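Participant: Sequence:
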Amino acid sequence: MIKSICVMVILLLILPVVLISMMAGCSGVSQTVDTSTTEVTVQAKIEPTAVSTISSAAEVSTINLSHVVPLSRSRSASALSVSPDGKLVIAVNPDNNSITLIDAINLVVLTEIPVGDTPRTLSITPDSETVLVANHGSATISKVDISLAEEVAQFPVGSMPYGVVTDGVNAFITEFGLGTVSKIDLITGKLLSRIPVDTFPSGLALSRDGQRLFITHFSTGILTVIDQETFTVYGKASTGADTNLSQFIAVAPDGTKAYLPQTRSNITNTALLFDTTVFPVVNVLDLTKLQLLVRERITLDTADEPVNMPFAVALSPDAKTLYLANAGSDDVSVIDLDSNSSLAHLSVGSNPRGLAITPDGSRIFVNNVLDGTLSVINAETLTVTNTILVTNISLTPTVLLGKKLFNSAAEPALTTDNWISCATCHFDGTMDSRTWLGFPDGPRNTPALFGVAQTLPIHWSGDLDELQDVEITIREIQFGNGLVEGKAHDSLGPPHAGLSTELDALSVYLSSIRVPPSPYRSDSQAINHGRSVFKTLGCQTCHTPPLYTDLKSHDVGTGDPAKEKNSHDGGSKFDTPSLRGIWLTAPYFHDGSAATLQKVFQTGTTHNVSDKIDDSNLKALIDFLLALPDDTSNPD
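Positions -17 to 618 (the numbering used here) are the ones given, in order, by the sequence shown.
Some hints here could point you the wrong way.
Straight-line distance between alpha carbons at most 35 Å, and here's what the computed DSBU-like set of lysine-lysine pairs gives [stated by the list, open to error]:
id, residue 1, residue 2
1, Lys239, Lys302
2, Lys469, Lys547
3, Lys581, Lys517
4, Lys218, Lys271
5, Lys239, Lys165
6, Lys601, Lys581
No lab work stands behind these hints: they were computed from the structure. Keep in mind it's a predicted model, so treat the numbers as computed, not measured.
Using the sequences provided together with the hints, build the complete structure.
Facilitator: Pasting the structure below:
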């Protein structure tokens, strides 16, 4: 009954022209769509390796271009979006596998709609009738009919889709796990084109004329520009090799500039003081010349206040004001672009990852994904006027608390001056693809946290024998006061478990981080061949299935005694890393000295197998490693 009411409200808001024709069937929301139309419902989950197949006349129908609404502005993939007609705001709910539709005028929640796993971003068609959602966890794109308030199709795409934008005819997707960008047909979901780009394509924007796609790459400063018509790389730009967490892009209304919220990493810093490690910025690119505008860079700790993880931006219609959601410090920076100075600094909810502005510029909405709320900002007064509950997060209270702590730099217990969070280097449990030279133990390649609870001890030095020992990292690296009262214990001394409810919650969240499935599992023959090579070489002695680690430390020849200050007299021994998820975690070794798996087996260490196997067996071995985790690698 509630859903039927919500559907009717949406209809009154956005489809008054067709309301009369739909009244005859409004007794309930149909689970299918008449196949004589050009909309086709696909309710079943589709395997991500297959291309969607739809059996009906609609599959071969053509689009009447007279009904295609032209773009009125550039479009960015975002965790929050206002419909082009300004009547709806739609938010992704990553931990609920849903999206929420809100009346943007009356600020009333209309309905929550289930989609795929871990929705990351969304995009609304120019006619305000359809929303597409990139489901990072299930490798699909959900197609949601706004008037019906339900998902009508779920299209398979490449591994870990991050950004999605649409021009109303096609959808464009950044495929984080594959390192590709794809184009699919909006009606059928058919894959039209796919091209390889640099690693970890994330943020995505479509130019106002629909001719250019702009793609950010998560762990680098590269911007890739794709010609939409030919679907080839048109050019590249860079904001600098030190930029990271680059997963959003906003294009100015006139199309000449792009704004990229990023974090700069000072990896060569040997002091490793909290405020000399990472720096929050918004970089600005000239899109006509594909050049970085260094003088227009917004250095946020000086332009505004110290913030953590600048995540999403929105520009006022006149391009004079920039609104920035800072995911780690739980606030919004409002910047005057003429002077690059602060107009306001506003506290919002937990982990704001999406930000959108109404077409007239009067309201700004912020998606606080770990509160399940939407903050509403009045653009004239620059105040938060409303906070709207858009979802009840389904995580257990303990996991939710731990996830908030992991992502937060907003509390003195976790860091000084809102500067750094766990997520700064381990975003969503991954890694920053950096080797830091200033760690007390020596150079350290940031590891991913996949399945970390199963593979204790942690750290390359193997010096944390329980997850609660991250208390030491919070104090010594993040310069927080700590979650435990009093002095922290030695990492191999008495346990920290049970000393703090918050620290225990953080460990529970860490325990929930799973190994992502590999997209490289289609060639079973090559994988099984590689598994045989793995066994023949004796790799399983240290990398023992199913965890692919023996949980011990070994000297494998990668350490430089002059650089290593391995704690607890570890010398040049390093904890054996699990190989699960290795397809995603380059570079390799404790110092990041092997950029690829090929390089791992060519180094002057015990991993060098060049004199033991030929090239075909080496390829098979790498195929096997890239396919991990296998069916035995995720024990509960």
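Participant: Checking one constraint from the list: CA of lysine 469 to CA of lysine 547, max 35 Å. Satisfied?
Facilitator: Given that 35 Å is the threshold and the Cα spacing comes to 23 Å, the pair holds.
Participant: Please verify whether lysine 601 and lysine 581 have alpha carbons no more than 35 Å apart.
Facilitator: holds, 12 Å
Participant: For the pair supplied as a hint, lysine 239 and lysine 302, is the alpha-carbon distance within the 35 Å limit?
Facilitator: holds, 13 Å
Participant: Holds or violated: lysine 581 and lysine 517, Cα atoms, limit 35 Å.
Facilitator: It holds: about 20 Å lies between the C-alpha atoms, which stays within 35 Å.
Participant: Going straight from one Cα to the other, do lysine 218 and lysine 271 come out at no more than 35 Å?
Facilitator: Holds, at about 10 Å.
Participant: Between lysine 239 and lysine 165, does the CA-CA distance stay at or below 35 Å?
Facilitator: holds, 24 Å
In the structure shown, no violation is registered for any of the earlier numbered hints.
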